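Asks: Please build the complete structure, drawing on both the sequences and the hints.
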Amino acid sequence: MRLLGCVHCNAIFLWLSDPDWASYSLGLFICLNCAGLHRSIPQVSKLKSIQLDEWDDAQVEVRGI
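Counting from 1, one number per residue, gives the positions in the sequence shown under this note's numbering.
Read the hints as simulated data drawn from the structure, not as lab findings. Bear in mind that the values here come from a model prediction, so they are computed numbers and not experimental data. There may be inaccurate statements among the hints.
Label-pair ranges, simulated between beta-carbon atoms [unchecked claim]:
1) ILE12 - GLN43: 28 to 34 Å
2) ILE50 - ASN10: 14 to 20 Å
3) GLN51 - GLY27: 14 to 20 Å
4) CYS9 - LYS48: 15 to 21 Å
5) SER49 - CYS9: 14 to 20 Å
6) LYS48 - GLY5: 16 to 22 Å
7) ASP57 - ASN10: 26 to 32 Å
8) ARG39 - ASN10: 15 to 21 Å
9) VAL44 - ASN10: 19 to 25 Å
10) ILE41 - ASN10: 15 to 21 Å
Idealized CB from N, CA, C, for every residue including glycine.
Replies: Below, the structure written as structure tokens:
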């Protein structure tokens, strides 16, 4: 089993649904706490909710799924 973690705080995602956010422009999984940092730099990191937002094919490809 491969553990995933937040790229900023290294919080381990124990379940597949744990990463609440992803930066589709950077291809990174981000925890809820660190998503605020990424929201403050929208010119660099484009965020979407993993559970609530719709993802088009190009965004899913960057996400690596």
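Asks: Indicate, hint by hint, whether the structure satisfies it.
Replies: Hint by hint, here is what the structure shows:
1. ILE12 - GLN43: 28 to 34 Å: 29 Å, holds
2. ILE50 - ASN10: 14 to 20 Å: 18 Å, holds
3. GLN51 - GLY27: 14 to 20 Å: 18 Å, holds
4. CYS9 - LYS48: 15 to 21 Å: Check passed, 19 Å falls within 15 to 21 Å.
5. SER49 - CYS9: 14 to 20 Å: With Cβ atoms ~18 Å apart, the hint holds.
6. LYS48 - GLY5: 16 to 22 Å: Distance hint for LYS48, GLY5 holds at roughly 19 Å.
7. ASP57 - ASN10: 26 to 32 Å: 30 Å, holds
8. ARG39 - ASN10: 15 to 21 Å: Given a distance of about 20 Å, which is inside 15 to 21 Å, the answer is holds.
9. VAL44 - ASN10: 19 to 25 Å: 20 Å, holds
10. ILE41 - ASN10: 15 to 21 Å: 20 Å, holds
The structure fails none of the hints (numbered hints given earlier).
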